[in-house]
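Here the structure of chain B is known, so what remains is to put chain G in place on it, guided by the hints.
Listed in order, the protein sequences are those of chains B and G. Basically this note's numbering = 1-based index in the first sequence + 26. Basically this note's numbering = 1-based index in the second sequence + 534.
The set of hints was computed from the structure by calculation and includes no laboratory data. Treat the hints with care, as some may be off.
Here are the simulated EDC-like pairs of lysine to aspartate or glutamate, each with C-alpha atoms no more than 16 Å apart in a straight line [to be verified]:
| # | chain 1 | residue 1 | chain 2 | residue 2 |
| --- | --- | --- | --- | --- |
| 1 | B | K35 | G | E719 |
| 2 | G | K762 | G | D802 |
| 3 | G | K674 | G | E702 |
| 4 | G | K674 | G | E660 |
| 5 | B | K135 | G | D624 |
| 6 | G | K688 | G | E719 |
| 7 | G | K688 | G | D716 |
| 8 | G | K602 | G | E588 |
| 9 | G | K674 | G | E617 |
| 10 | B | K35 | G | E647 |
| 11 | B | K135 | G | D619 |
| 12 | G | K599 | G | E540 |
| 13 | G | K688 | G | E607 |
| 14 | B | K35 | G | D716 |
| 15 | B | K35 | G | E713 |
| 16 | G | K602 | G | E540 |
| 17 | G | K665 | G | D624 |
| 18 | G | K833 | G | E744 |
| 19 | G | K665 | B | D61 |
| 20 | G | K674 | G | D619 |
| 21 | G | K665 | G | D619 |
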Amino acid sequence: MAVYKRTYKAYNGALTPAWSRFTVLTRYGLSTLFDSRPFTAYTVLCFLPFLGALAYIYVAHSAAAQALLRTGNAMAGTVNNDFFLGYLGFEAGMGFILAAWGGPGMITKDFANHSVQLYLSRPISRTEYLIGKVSVLAALLSCITWIPALILFLVKAGLQGHGWLWENLWMAGSIMLSCLIWIAMISLISMAVAVWVRWRIAATALMLGIFFLLPAVGQILNAILRTQWGNLINFTHMISLVWMRLFRESQAEFPPAFNGVPLWAAWASLLATCVACFWLLDRKLRAREVERS
Amino acid sequence: MSAIIEMQNLTVRLGNRIILNQLNGALSGRCIGLLGPNGSGKSTLINTLLGFYEPISGAARILGKEVKSNLRELRAMIGYMPESDAFIADMTGVRFVRYMAELSGLPRGEAMERAHEAFFYVGLGEARYRKLGTYSLGMKQLAKLAQAIAHGPKLVLLDEPTNGLDPEARIRMLQLVREIRDTGEVSVLISSHLLRDIEECCDQVLILKEGRIAALCNLEEERKANLKFLELEVTQGNGFLESVRGLGCECASFGAGRVRIILPDNIDLRQIYRTASEHEVQIRRMNYRRDTLEDIFLKAMAGTSQAASAQQGSTNGSL
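If we strip away everything but chain B, and leave its shape as in the complex, we get (with noise of 0.2 Å):
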């Protein structure tokens, strides 16, 4: 083809690699998340806590500045694993509302006026489609969560000295491990709630109330079985459950109602909710449904 010509030419050219054909879905999917001001305004917003904690960090560190604050000694030995779990804890509240904001949007969008079939007609698969749009929450979730966290705790290692890091190196594997789990829990249930709702709003109202209110319907079993194990199903409880022990909190530590749930039932929890979801994924995600008489 031509635009002077408006005759049709076969393409001869050369292609992309295969294997790169799903950075094309998590390209665009960022471009699009990023047309609208008020979600770039937000995920600026995100990097707000990196900066204070930045500065949190140096403070500790310099006797100048704290004498200019006149904090005296009390911000010393602060920056630890209490600190960075606080850290991960607050950018992963923030970041839940960046997932469950523009996550369901970007698969909803594809369902609403079925274009699904014109990805799947393309030489993509369906777990390439999904990879490509998990890729944009989870770009997204890590730079606003392990990156900046390994980014302080590098910054820490540099303002304490070398033996810091080396006795410190697993803090560094569990922020990772933990934003990973984390990150992969949230895209999961986002894209798995958007393909079965397909509606944007209800996909977001829905992931809204499997972390507010499912929690609250724990509680209830909870109190009327004389339980713990209601809390299976507030994730949040879940998850935490999991990054206190990455982070080597000690049992003491923990709060009253995490006592009741033994750790390997929180792993239990996480990996069923991960295997319903790509359950779900699997039986939505199509370019075609065929209705079962």
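For chain G alone, kept in the frame of chain B given last:
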């Protein structure tokens, strides 16, 4: 010409229903029409060729490659225009087509260039920066066609391309299909339940009925055959019919001067005029038979031995 699409005992079941039942045949036209009443399995066949549905038995081959084992490679060579709405409402037309072209494997620059070209080609050049959600139905159909051809496929699958179009838009769409076909660089498969759409574009037609092949024939050959089939309206003239028969033609009179003649290969039309002149007969009207596809379709719909006829291959003899 080598087969574009081959089917061997292709059977597809959706839920508890067999939708495509033991399809056999080879489609080799430059533009292949897929005809059949609603629910006959046209869209299911297209979806199966795209790998959306997996056959429970049998196989399909496109451009010599088996669909199941070469899906990725084949999808890069296929352009698909679905029957239903398929677009991203808040994306501009050109961005959407570029996006689809990139997913087909075109590098960014090439995809951008071809997206613009495709939009101009289908006649939406001026609307390419408008969001797809604001397009009229006809424009959406053209945008779907643009995304189907932007990556330069070797086979374009068009599922009911004229659905919902007004007469002018329909003519434009069919003209585009013919232009694409005539480039010789791409084969086209059109699914429709409108006989005229198929007749105007296609050189081969596959008719489905209740998931089975009711007919598979070459329209080009049918058209050539029809050039030998004349329908005349003449003033009464003694001996005209006898003289025509004397030339070696088969002919029959239906009263009121209506005559049908089948011309043998060695008889020229001018000899009919000459004979009419000799008998002082006026030829008031003369037509070649035109209702080919309708005849084929009606026969196919009435017929019951569809599977047997289809297996004969893509010749008129199969009807």
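- Of the hints stated earlier, which fail here? none
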